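Fit chain to chain and form the complex, with the hints in mind.
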Amino acid sequence: MKKVRKILCCVFATVLMLSACVDEEIPNRNTPLGNFEALWQLMDQHYCFFDYKQKELGIDWNEIHDRYYKRITPYMNNEQLFEVLCAMLGELKDGHVNLGASFNYGRNWSFWEDYPENYHDSIARSYLGHDYYIASSLKYKILDDNVGYVRVESFSDAIGDGNISDMLTKLAICRGLIIDVRNNGGGQLTYAHKLASHFTNEKQHVGYVYHKTGKGHNDFSPMKSEYIEPAKGVRWQKKVVILTNRKCYSATNDFVKCMHTFPNVTLMGDKTGGGSGMPFTQEIPNGWSVRFSAVVFLDKDYQQIEFGIEPDITVMMNKADVLKGKDTLIEKARDFFKD
Amino acid sequence: MRKIHRNICLWRLTIFYCMVMIATCVYAQDINVNKQKNLYVALGSADILDTYLSPFSYNGTHVAVSYENFKKNDYYDGILSFSKVTNPAGNVNEYAGDLRWRYAKLYDIFNKGDFSVKIGPMAVLDLGVLYNERNGNNPAQGRFSLMADFSSYAQYNLRIGKRKFPIRYLIDVPMIGAAFSPNYGQSYYEIFSMKKTDHNVVFAHVGNTPSLRHRLTFDVPTSKGSISLGYMGIYDQSLYNNLRYHSYSHNFIIGFSL
Numbered sequence: 000m001k002k003v004r005k006i007l008c009c010v011f012a013t014v015l016m017l018s019a020c021v022d023e024e025i026p027n028r029n030t031p032l033g034n035f036e037a038l039w040q041l042m043d044q045h046y047c048f049f050d051y052k053q054k055e056l057g058i059d060w061n062e063i064h065d066r067y068y069k070r071i072t073p074y075m076n077n078e079q080l081f082e083v084l085c086a087m088l089g090e091l092k093d094g095h096v097n098l099g100a101s102f103n104y105g106r107n108w109s110f111w112e113d114y115p116e117n118y119h120d121s122i123a124r125s126y127l128g129h130d131y132y133i134a135s136s137l138k139y140k141i142l143d144d145n146v147g148y149v150r151v152e153s154f155s156d157a158i159g160d161g162n163i164s165d166m167l168t169k170l171a172i173c174r175g176l177i178i179d180v181r182n183n184g185g186g187q188l189t190y191a192h193k194l195a196s197h198f199t200n201e202k203q204h205v206g207y208v209y210h211k212t213g214k215g216h217n218d219f220s221p222m223k224s225e226y227i228e229p230a231k232g233v234r235w236q237k238k239v240v241i242l243t244n245r246k247c248y249s250a251t252n253d254f255v256k257c258m259h260t261f262p263n264v265t266l267m268g269d270k271t272g273g274g275s276g277m278p279f280t281q282e283i284p285n286g287w288s289v290r291f292s293a294v295v296f297l298d299k300d301y302q303q304i305e306f307g308i309e310p311d312i313t314v315m316m317n318k319a320d321v322l323k324g325k326d327t328l329i330e331k332a333r334d335f336f337k338d
Numbered sequence: 000m001r002k003i004h005r006n007i008c009l010w011r012l013t014i015f016y017c018m019v020m021i022a023t024c025v026y027a028q029d030i031n032v033n034k035q036k037n038l039y040v041a042l043g044s045a046d047i048l049d050t051y052l053s054p055f056s057y058n059g060t061h062v063a064v065s066y067e068n069f070k071k072n073d074y075y076d077g078i079l080s081f082s083k084v085t086n087p088a089g090n091v092n093e094y095a096g097d098l099r100w101r102y103a104k105l106y107d108i109f110n111k112g113d114f115s116v117k118i119g120p121m122a123v124l125d126l127g128v129l130y131n132e133r134n135g136n137n138p139a140q141g142r143f144s145l146m147a148d149f150s151s152y153a154q155y156n157l158r159i160g161k162r163k164f165p166i167r168y169l170i171d172v173p174m175i176g177a178a179f180s181p182n183y184g185q186s187y188y189e190i191f192s193m194k195k196t197d198h199n200v201v202f203a204h205v206g207n208t209p210s211l212r213h214r215l216t217f218d219v220p221t222s223k224g225s226i227s228l229g230y231m232g233i234y235d236q237s238l239y240n241n242l243r244y245h246s247y248s249h250n251f252i253i254g255f256s257l
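As they're listed, the protein sequences go chains A and B.
256 is the number that numbering that gives the first Met the number 0 gives to position 257 of the first sequence; each next residue is one higher, with no gaps.
88 is the number that numbering that gives the first Met the number 0 gives to position 89 of the second sequence; each next residue is one higher, with no gaps.
It cannot be assumed that every hint is accurate.
Cut-off 30 Å, straight-line C-alpha distance, at most; resulting in silico cross-link-like pairs (BS3-like, lysine-lysine) [what the hints assert, rightly or not]:
{"#": "1", "chain 1": "B", "residue 1": "K195", "chain 2": "A", "residue 2": "K202"}
{"#": "2", "chain 1": "A", "residue 1": "K299", "chain 2": "B", "residue 2": "K195"}
{"#": "3", "chain 1": "A", "residue 1": "K331", "chain 2": "A", "residue 2": "K237"}
{"#": "4", "chain 1": "A", "residue 1": "K299", "chain 2": "A", "residue 2": "K54"}
{"#": "5", "chain 1": "A", "residue 1": "K231", "chain 2": "B", "residue 2": "K195"}
{"#": "6", "chain 1": "B", "residue 1": "K195", "chain 2": "A", "residue 2": "K214"}
{"#": "7", "chain 1": "A", "residue 1": "K214", "chain 2": "B", "residue 2": "K194"}
{"#": "8", "chain 1": "B", "residue 1": "K70", "chain 2": "A", "residue 2": "K54"}
{"#": "9", "chain 1": "B", "residue 1": "K195", "chain 2": "A", "residue 2": "K223"}
{"#": "10", "chain 1": "B", "residue 1": "K194", "chain 2": "A", "residue 2": "K231"}
{"#": "11", "chain 1": "A", "residue 1": "K299", "chain 2": "B", "residue 2": "K194"}
{"#": "12", "chain 1": "A", "residue 1": "K331", "chain 2": "A", "residue 2": "K169"}
{"#": "13", "chain 1": "A", "residue 1": "K323", "chain 2": "A", "residue 2": "K138"}
{"#": "14", "chain 1": "B", "residue 1": "K194", "chain 2": "B", "residue 2": "K163"}
{"#": "15", "chain 1": "A", "residue 1": "K223", "chain 2": "B", "residue 2": "K194"}
{"#": "16", "chain 1": "B", "residue 1": "K195", "chain 2": "A", "residue 2": "K92"}
{"#": "17", "chain 1": "A", "residue 1": "K202", "chain 2": "B", "residue 2": "K194"}
Covered by chain B, per the in silico footprint, the following chain A stretches (three or more residues, Cβ under 8 Å) [unchecked claim]:
{"#": "18", "segment": "33-46"}
{"#": "19", "segment": "176-184"}
{"#": "20", "segment": "258-265"}
Read the hints as simulated data drawn from the structure, not as lab findings.
Being a predicted model, the structure only gives us computed values, none of them experimental.
For glycine and all other residues, C-beta sits at the position ideal for the given N, C-alpha and C.
Isolated chain B (complex conformation) (with noise of 0.2 Å):
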């Protein structure tokens, strides 16, 4: 029964939104598609992994707040996320909370028409904790990274009638940097009280980093702007010290020009 009122409500969304679509469209000037500047809001599910508090992955909720400003090349964004997860027995929480701030130097590989490919450079700082309620002397995880990554930025301008309705790409993927890791067995003790530290500035690669984060958005021209509709995927990973990590999450996004 639950489900199928979930369904409904679900229905009632869509169609509540495809209305805002049609009523904006009908007064929208077209996009400025050279620059953008965007507010999203994220909701959707994370499964979170670290093996330094639980041999076991995490699932449960994640939302974000991002900023995004796009000028001819250059790129930059600001995703500021917090996720709660249970363990599988649903005895246990953990909260995540990252701030990651990314700029980008585009360049064009392919403008024809209405269809355009950019690539570039990008320099990720990421800065993060989880928190797990339960454990006593390994309570937390921090992350710090600063990696530079392989990005990449598509766009097609889908023409309904007179007006432009871009679909736009993005993708990045970590490639070289250096991220913070406690060793295997390391308390923060150690690190912190003794300073004592062992590896724990780490040689991150593509090899021991393998994350990829994406986002595509369909953007509807309104009267003052656009609205964006999409998914946003983030599949963080990583093996420093023998500790092993994932982040993956699955986001419907809605963004509005600012």
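Bound conformation, chain A alone (with noise of 0.2 Å):
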């Protein structure tokens, strides 16, 4: 009878351990105060570029706190509360960071915003005419001076490794190949990586990856290597004109990174928009989503492209080419392979 109240106590113990009870650690408070503090705390503990964004621009989250509190009464209604908190966020100029309610998406798209678009829809359009082909969603032609155009408008498609082979099996004839991503604001990472990797013939180191391992605003993992790896099927050999504007953001700012690793592709047009952080999401006591940068990614110099990459060739639009209709950066794509 001793050993089995013995073994009893010792259950009893290990119940009473057990008792320490892993639970939340945000409280779920769902007044204004409750869900600021929600907010604030979410991103202090998961945000990835506070370090950065302090160098760059002078970016104090404790500062913002004290600042943004004052603006919340307990009084205040959603759309009073969704337009403060949104004007935190929009203080760390990051296009991953978003507040999603019912009733509206709070965001802070400066990248292209305060820019000039450098792109005409009718007017690219018109260089695809009717006439041209679809691969999943790469639209592609040869223009008249025997140079393969190729819009790729989202990365939020599948784009299969046949399709991208039939596209320059197709093209293949033509003497440089233009890649127009503008406007294109991203998707999947793994489809725009697909499309790069025809475009190398060896293993290529593209740059760094890394996340959060803890709540604090330098708690990283090791940087890690990343690397496209040749495509199995038909592999572009000759020139590559990328055309890029401020509105090619996060996936897209990717392709563009690991683009520019190849020696035979050129940049042209204005810097992109950036979006280097993978989002997560969580979210508020009262059911708002919060989307933010979570992952790193760095190009191959161990550089941030949190706010875009610089074109090697910089074109703008121009005025006078878009009153007769012309595209000034596909025109200079086109020039350049006269070069």
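Encoded structure:
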């Protein structure tokens, strides 16, 4: 009987030890102040660019808390709260930082709103005409001067090796290839990398990646190298010009980063929009979703590309060309192949 | 009004069970306490927190099916469970699926009359997924662990007349093992597409996996075996790579001998 008692005591001791609950860390208080504090803490613990943004923009997240805290009142309505919270997040100047409510989507799109667009949809479409080919989300055509033109509007839709190989086979007779990723706001990194893999014959080191490992602003994992493996299908061997503008964001920014490491690729146009942090989603007590950059991607020289990638040849849209129905960037790229 | 209706329904259900028990007991045989195969169906509540997906606990419903095989000192069971839970604001759902297999070697430490207690090591293999319907690059969390648990089984044969009504209690507490977990801000894209791991296999122990599962049943003999009624509680918790997780479920269970 003593033995049983001993064992039962041990079991109860274990049970008591287990009474330490693994529970929520951020208080779930659905009040204006509760939501404000939850949002601030979430970002404080998870956002990956505080250190970088402090250097570049002079951002002090604690100071931001104190400044916006004063604007929170117990009786403010949802729209007023949304406005204050979005303004606070806007300080980070990150297109991947968003607040999602049923009535609005908070964002800071200054990465392209404050700059010339360098893209005219109807003019760009006139180059494709009506007889262009479509391979998944890739639209392509051979222009009159035997230059291939590929329009990639998004990386959200699946692109297969078969699509790319067939497209490159069709364009094989061209002397050069223009890949137009202007206004492409991103999508799946997988598809961006798949397209890039058809432009290298070797395993190419394209950058580094790391993520948060804890709540501290500088709790990061070691940097790990990122590679693009050559595709098994058709691979392009001639010159390539990538057309960029400020709306090239997120996965498109990463596509440009990868392509820029290949020797036969030239970037032309305006600086890309950036967005090198892979976004995660969380929420605050009232159910609004919060999106923020969580994983950092650097280029192969350890440089941040959160605020974009500079082109090799800067070309801006010319008003006179627009009036003539010409796309300055496409025309310059065609001239580039003539040279 | 709805509450009153629910209470009436519960009373009717209880009376129905009592009648079934009384009816079945008339023709009942004694239960073979050394050899049992049971199938359980569980229905209850779920409370799930996974800070990789959300900082807040989601609450909802838990259902499970479990098969148990008990032969002398060898015990094993498999539990297939599913939960649907909703965030506190009520605008997002999470869906959890889990498959758990347990095997224990139990040894008698006390056996006198109608009361017996066994203890022993238990191996637990767990495979699960939790999916959040709103999240973008962190939409789901996978679970995989292999643990060595401490388990204990107690049985008391309640005698009413000449019949035995076993009351059985099974508990297991994870002690040591290995578990999969993404790192704090690591994406599944890094792990599976880029093949970049970072402390994704975690040394799990009672300190970072303070969990407990237990089940209490009251077996009623019937003409063809037995029916069990009882409670099953699963309190899984973990704290790996600064990610907090808990899944608490309280269930009413009904079991049938096979």
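Checked hints:
1. The suggested pairing of K195 (chain B) with K202 (chain A) holds, with an alpha-carbon distance near 16 Å, which does not exceed 30 Å.
2. At roughly 17 Å between alpha-carbon atoms, K299 (chain A) and K195 (chain B) fall within 30 Å of each other, so this suggested pair holds.
3. Pair hint K331 (chain A) plus K237 (chain A) holds up; C-alpha atoms about 17 Å apart against a cutoff of 30 Å.
4. Restraint check: the Cα-Cα separation between K299 (chain A) and K54 (chain A) comes to about 21 Å, which is no more than 30 Å; the hinted pair holds.
5. Among the hinted pairs, K231 (chain A) with K195 (chain B) is consistent with the structure: their alpha-carbon atoms are about 22 Å apart, no more than 30 Å.
6. Taking the CA atoms of K195 (chain B) and K214 (chain A), the gap is near 21 Å; set against the 30 Å cutoff, the hint holds.
7. This hinted pair checks out: K214 (chain A) and K194 (chain B) have alpha carbons roughly 24 Å apart, not beyond 30 Å.
8. For a cut-off of 30 Å, the pair hint linking K70 (chain B) to K54 (chain A) is broken: about 67 Å separates their Cα positions.
9. Taking the CA atoms of K195 (chain B) and K223 (chain A), the gap is about 7 Å. The hint holds against a cut of 30 Å.
10. For a cut-off of 30 Å, the pair hint linking K194 (chain B) to K231 (chain A) stands: about 19 Å separates their Cα positions.
11. For the hint pairing K299 (chain A) with K194 (chain B), the CA-to-CA distance comes to about 18 Å; that is within 30 Å, so the pair holds.
12. Proximity of K331 (chain A) to K169 (chain A) is assessed by CA-CA distance (about 23 Å); at most 30 Å being required, the pair is judged to hold.
13. A hinted pair counts as satisfied when its Cα atoms are at most 30 Å apart, and K323 (chain A) with K138 (chain A) qualifies at roughly 24 Å.
14. For the hint linking K194 (chain B) to K163 (chain B), the alpha-carbon distance of about 58 Å lies beyond 30 Å, and the restraint is violated.
15. For the hint linking K223 (chain A) to K194 (chain B), the alpha-carbon distance of about 10 Å falls within 30 Å, and the restraint holds.
16. As the CA atoms of K195 (chain B) and K92 (chain A) are separated by approximately 29 Å, the hinted pair is consistent with the 30 Å bound.
17. Distance restraint check for K202 (chain A) and K194 (chain B): the Cα-Cα separation of roughly 15 Å lies within the 30 Å cut-off, and the hinted pair is therefore satisfied.
18. Look at the segment 33-46 of chain A against chain B: 3 of its residues bring a Cβ nearer than 8 Å to a Cβ of that chain, three or more, so the hint holds.
19. As drawn, the segment 176-184 of chain A meets chain B at 0 residues by the rule of a beta-carbon pair under 8 Å; below three, the given contact is violated.
20. Remark: the segment 258-265 of chain A is not confirmed as covered by chain B, as 0 of its residues place a Cβ nearer than 8 Å to a Cβ of that chain, below the required three.
The earlier numbered hints that this structure contradicts are 8, 14, 19, 20.
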